[in-house]
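Number of protein chains: 2
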Amino acid sequence: MLVGAIEAGGTKFVCAIGNEKNEIIERVSFPTTTPEETLRSVFNFFDQYSLASIGIGSFGPIDINESSDTYGYILSTPKIPWKNFNFLGAMKERYSIPIGWTTDVNAAALGESKLGAAKGLKNTMYITIGTGIGAGAIVNGELLAGIGHPEMGHLLVRPHDKDGYEGFCPYHGNCLEGMAAGPSINGRLGRAGKDVDVDHEVWGFMSYYIGQALVAYTVILRPERIVLGGGVMNAPGMLEKVKKQFSSLLANYVPIPELDNYLVKPGLRDNAGITGSIILANEVK
Amino acid sequence: MLVGAIEAGGTKFVCAIGNEKNEIIERVSFPTTTPEETLRSVFNFFDQYSLASIGIGSFGPIDINESSDTYGYILSTPKIPWKNFNFLGAMKERYSIPIGWTTDVNAAALGESKLGAAKGLKNTMYITIGTGIGAGAIVNGELLAGIGHPEMGHLLVRPHDKDGYEGFCPYHGNCLEGMAAGPSINGRLGRAGKDVDVDHEVWGFMSYYIGQALVAYTVILRPERIVLGGGVMNAPGMLEKVKKQFSSLLANYVPIPELDNYLVKPGLRDNAGITGSIILANEVK
Ligand SMILES: Nc1ncnc2c1ncn2[C@@H]1O[C@H](COP(=O)(O)OP(=O)(O)O)[C@@H](O)[C@H]1O
Ligand SMILES: Nc1ncnc2c1ncn2[C@@H]1O[C@H](COP(=O)(O)OP(=O)(O)O)[C@@H](O)[C@H]1O
Ligand SMILES: [Zn+2]
Ligand SMILES: [Zn+2]
Numbered sequence: 124m125l126v127g128a129i130e131a132g133g134t135k136f137v138c139a140i141g142n143e144k145n146e147i148i149e150r151v152s153f154p155t156t157t158p159e160e161t162l163r164s165v166f167n168f169f170d171q172y173s174l175a176s177i178g179i180g181s182f183g184p185i186d187i188n189e190s191s192d193t194y195g196y197i198l199s200t201p202k203i204p205w206k207n208f209n210f211l212g213a214m215k216e217r218y219s220i221p222i223g224w225t226t227d228v229n230a231a232a233l234g235e236s237k238l239g240a241a242k243g244l245k246n247t248m249y250i251t252i253g254t255g256i257g258a259g260a261i262v263n264g265e266l267l268a269g270i271g272h273p274e275m276g277h278l279l280v281r282p283h284d285k286d287g288y289e290g291f292c293p294y295h296g297n298c299l300e301g302m303a304a305g306p307s308i309n310g311r312l313g314r315a316g317k318d319v320d321v322d323h324e325v326w327g328f329m330s331y332y333i334g335q336a337l338v339a340y341t342v343i344l345r346p347e348r349i350v351l352g353g354g355v356m357n358a359p360g361m362l363e364k365v366k367k368q369f370s371s372l373l374a375n376y377v378p379i380p381e382l383d384n385y386l387v388k389p390g391l392r393d394n395a396g397i398t399g400s401i402i403l404a405n406e407v408k
Numbered sequence: 124m125l126v127g128a129i130e131a132g133g134t135k136f137v138c139a140i141g142n143e144k145n146e147i148i149e150r151v152s153f154p155t156t157t158p159e160e161t162l163r164s165v166f167n168f169f170d171q172y173s174l175a176s177i178g179i180g181s182f183g184p185i186d187i188n189e190s191s192d193t194y195g196y197i198l199s200t201p202k203i204p205w206k207n208f209n210f211l212g213a214m215k216e217r218y219s220i221p222i223g224w225t226t227d228v229n230a231a232a233l234g235e236s237k238l239g240a241a242k243g244l245k246n247t248m249y250i251t252i253g254t255g256i257g258a259g260a261i262v263n264g265e266l267l268a269g270i271g272h273p274e275m276g277h278l279l280v281r282p283h284d285k286d287g288y289e290g291f292c293p294y295h296g297n298c299l300e301g302m303a304a305g306p307s308i309n310g311r312l313g314r315a316g317k318d319v320d321v322d323h324e325v326w327g328f329m330s331y332y333i334g335q336a337l338v339a340y341t342v343i344l345r346p347e348r349i350v351l352g353g354g355v356m357n358a359p360g361m362l363e364k365v366k367k368q369f370s371s372l373l374a375n376y377v378p379i380p381e382l383d384n385y386l387v388k389p390g391l392r393d394n395a396g397i398t399g400s401i402i403l404a405n406e407v408k
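Protein chains in written order, with this note's numbering: chain A, 124 to 408; chain B, 124 to 408.
Rather than coming from a laboratory, the hints here were simulated on the basis of the structure. Please note that a few of the clues may not be correct.
Pairwise CB distance ranges, derived in the manner of DEER restraints [stated by the list, open to error]:
{"no.": "1", "chain 1": "A", "residue 1": "157", "chain 2": "B", "residue 2": "324", "range": "38 to 48 Å"}
{"no.": "2", "chain 1": "A", "residue 1": "263", "chain 2": "B", "residue 2": "309", "range": "36 to 46 Å"}
{"no.": "3", "chain 1": "A", "residue 1": "318", "chain 2": "B", "residue 2": "194", "range": "48 to 58 Å"}
{"no.": "4", "chain 1": "B", "residue 1": "284", "chain 2": "A", "residue 2": "375", "range": "40 to 50 Å"}
{"no.": "5", "chain 1": "A", "residue 1": "148", "chain 2": "B", "residue 2": "242", "range": "44 to 54 Å"}
Think of the CB as a built atom: it goes at the ideal place given N, C-alpha and C, for glycine as much as any other residue.
Bound conformation, chain A alone:
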C-alpha cells in the first residue's frame, strides 16, 4: 500500500512516495512556480502510482479549519499566484482519496516526533529558524491547532540592551522572527550568517531572543523535548549558545528534562518535512 506526500515550500516542492512503515520509496523535487505548472509536475509524478492517500505539508499561512469556507486554501502569502489558491481542492479534484492537510512546519514536527529526534514522546515541539521562524507542537500525540495553526515565530521578545536593530517583520518589526531569523543578520550586518565570525555579538543577540521564545513554549506547553532546525541553527556553536540563554532566562522556574535531552538538533535533517507528510498520509487513511 503506497501513499503520496508533498512538502510544499515557497522555493521548491518535494514529492515522495512512501509505504505503510513511513519509509520513503521514491522522491522528486522541482521549483515552485505557478500553481498550475507546479501542480502539473505533482500530478505527473503521483499519476504513476496507485495511492491509498496523500499527505500535504504546505507553506502558509494556510486554512486548516475544516468548518471554514476557505479550508484547504493558501491564505495571504507574498507569493502572489498562490494567494487564496485552493491547494487542497485542486488535489481533491484530481485524486478521490483521503488527503491530510497541514503546514510545512507541522509536517516536520510530525516527522521529528514520530521518527526523528523526539521519537517515542507524546509532547514535543519542532521549531525552524531559517528565512522565517515557525514551529509546530505535538500535544498528547496530536498536532496542536486551535482556530488555526500556530504562528509561533511572532512572539514579542525583549530587545537586547546592545542590539540596535529594529527587526524586519513587516507586522511587528522586532518580534522573534524579525530579530532572530536569518535575514536579521543581513539586516544588521549586510552579509549572510554563514559569513559572520563565530565570536560576533550578533549570535548572542539572536540566541537571547530564541532563548526567550523557548521559555514561552516551555511554560505554556511543558513539552518533553524541543527540536531546533533551520539554517540559522547550523551556525557553529549556535545550539550551545541557545541552551545557555534559555537556562539562564528560565532560572529553574519549572522542572525540565536534562538540558541536552531537552533542546536537540533534528534527527531527520532534510527529510523531516517529507517524512511528516508521509506519516500524515498514513494517519489520514
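Assemble the complex: chain A is given as a structure, and chain B with the ligands must be docked to it using the hints.
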C-alpha cells in the same frame, strides 16, 4: 449520584457537593491552615455524603504527571506545611473512589470552558491576574498538560519604556507575573490597586504586559476565546485597556474572532474553580 469537589487555595479551601449536571448542591469554605487540620474539615464535610468520585483543583505547583514518584504532591510552595505534601494520596487513603487532580487555575479553566464564558468551545483559555498570574488552556476539549501543568504567568515580557519597576518575581524579577500581578501595584506605588486612580499610568504598563502575554497565547495556542479573571481585572476599565494593547501588539498578524468575543470576563465569577472541580469529578468517574 453525587460527587465531591475541592477548590484548594492557599488562603481558603472551598468544598462542594455536585450532581451529574455539574450543579452545586452544597458548598462550604474554611481557611487553609495545616494539611492535617484542613483535611479534617474536608473529611468531616465529605463524610456526610455517599460520593461517586471527587475532583480537586489545588494551588501549586503540583505534580500531575501520573508516571512520577511524587504524583499527587504539592511541590515547592512558600506555604511550608504543604510543601511536598501528598495531597492526592491523603484523599485516596480516605476515599476509595476515583479522584481527579489538577491545578486550581486548570479547574477554573474547565469551569469557564464547559459552563461559563467559553461554553460550547473546544479551544479556550482562562487566565487569572490576581496575587499571582496563572492560566489553564483547553485544547480540543481537554486540559493542556505536557510533562507538567502550564506556568503561563512566567512569560518574559518587554519592559515598558516609562516603567522603572523591576518586578517582584523571585525567579525572574520582571516576568509577566512580576510586572502585572496585583502586588506589582503595591511594589510600584506602595498602595493596593483598588486605591489607585483609573487614569494612573500603572494601568497602561500592566495592560501592556498582559497584552504581550495574550499575543503569545494567541500565536502559540490559537484559542477561540480567552477568559480573563482575577482581582486585577476588576480594576475599572482594565479589560478595555488590555484589549487595546493586545490589538495594537498583535497588529492583525493572525485572524482572531471579533475582539469582544475573544477577550472576555468570566461567566461563573467565584464559582469557576469549584464548578470546574465538579466537572473534573464527573469526568473521572
Ligand atoms: N551556517 C549558517 N549560519 C547562519 N545562518 C545560516 C547558515 N546557513 C544558513 N543560514 C541562514 O538560514 C536561512 C535559510 O534557512 P533555511 O532553513 O535553510 O531555509 P528556509 O527557512 O527558507 O527553509 C538564511 O537566512 C541563511 O542566511
Ligand atoms: N479593583 C481592583 N483593582 C486592582 N487590583 C485589585 C482590585 N481588586 C483586587 N485587586 C488585586 O488583586 C489581587 C488579588 O487577586 P484575587 O484574584 O482576588 O486573589 P488571588 O489571586 O489571591 O486568588 C490583589 O493583589 C489585589 O490588590
Ligand atoms: Zn512578527
Ligand atoms: Zn517569574
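Each hint, compared with the structure:
Between residue 157 of chain A and residue 324 of chain B, the C-beta spacing of about 53 Å breaks the proposed range 38 to 48 Å. At about 39 Å, the CB distance of residue 263 of chain A to residue 309 of chain B agrees with the hint of 36 to 46 Å. Between residue 318 of chain A and residue 194 of chain B the beta carbon distance is about 51 Å. The supplied range of 48 to 58 Å therefore holds. Between residue 284 of chain B and residue 375 of chain A the CB atoms are about 30 Å apart, so this pair departs from the stated range of 40 to 50 Å.
The supplied range of 44 to 54 Å is met by residue 148 of chain A and residue 242 of chain B, whose beta-carbon atoms lie about 48 Å from each other.
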